[in-house]
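Student: So you can see what is in the structure, the chains are spelled out below.
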Amino acid sequence: EADIYQTPRYLVIGTGKKITLECSQTMGHDKMYWYQQDPGMELHLIHYSYGVNSTEKGDLSSESTVSRIRTEHFPLTLESARPSHTSQYLCASSEGQGFAEAFFGQGTRLTVV
Amino acid sequence: AQSVTQPDIHITVSEGASLELRCNYSYGATPYLFWYVQSPGQGLQLLLKYFSGDTLVQGIKGFEAEFKRSQSSFNLRKPSVHWSDAAEYFCAVGARTGGYNKLIFGAGTRLAVHP
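So the protein lines, in turn, are chains A and B.
Take the first sequence: its letter number 66 is residue 66 in our numbering, and every next letter is one higher.
Take the second sequence: its letter number 11 is residue 11 in our numbering, and every next letter is one higher.
Because the hints were derived from the structure by calculation, they are not lab data.
Some clues are possibly wrong.
[As the list claims (entries may be wrong)] Across the chosen pairs, the derived CB separations fall in these ranges:
#, chain 1, residue 1, chain 2, residue 2, range
1, A, 57, B, 42, 34 to 42 Å
2, A, 61, B, 26, 16 to 24 Å
3, A, 20, B, 64, 35 to 43 Å
4, B, 39, A, 80, 29 to 37 Å
5, B, 40, A, 28, 26 to 34 Å
6, B, 42, A, 20, 16 to 24 Å
7, A, 14, B, 80, 42 to 50 Å
8, B, 39, A, 86, 31 to 39 Å
Values in this document were obtained by computation on a predicted structure and should not be read as measured data.
The beta carbon of each residue, even a glycine, is placed where N, CA and C say it ideally should be.
Kindly produce the complete structure, drawing on both the sequences and the hints.
Tutor: So, in structure tokens, the structure goes:
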């Protein structure tokens, strides 16, 4: 069982609200990622971090922002949620160089009404 | 551009039957290839990976996959499917672009298992 946790698992929120999706890992991994997954679609990388104070945008443009103040914590924030943000958000982490195994959290299913 | 294609969106098999899930990739260099499984309400779990060496790789839960460079394929197989294998399966290729490593995922294949 991977030691990476996401909260909340499910979130229904109104348009315009600010939300933060939490992701924490206890494996000491330097690399962390956020993916967006729509039903029947590929996972798309929206943010990644290679260590503390390092964050970069991924392939898919996203209005969300991330921070990496501590190695184990990689929260994702939406300042003003919109229905177009409705999706599943998956957090992952990996260690070392190259393409080490990525461990995924259980995901947060976000619905913006 | 790098991409992963999983031609089958849904597959249904009977319990005990054999299984093959198809995956084709497009990547210029030697690929790093992965298969992940996602059970309902869960995150993704790595089944197996190919980096180099023997083109037939063994994974967890009785799965194996074969890398065929000539066909740009990395198909996942299991000789006898169990009801607990019902899940969504994602093939991915590791790519390096813009100075960072990333996984490019296919759209997934949803597997249903009939008793």
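Student: Hints numbered earlier in the text: which of these fail when held up against the supplied structure?
Tutor: Result: hints 1 and 8 break, sorted rising.
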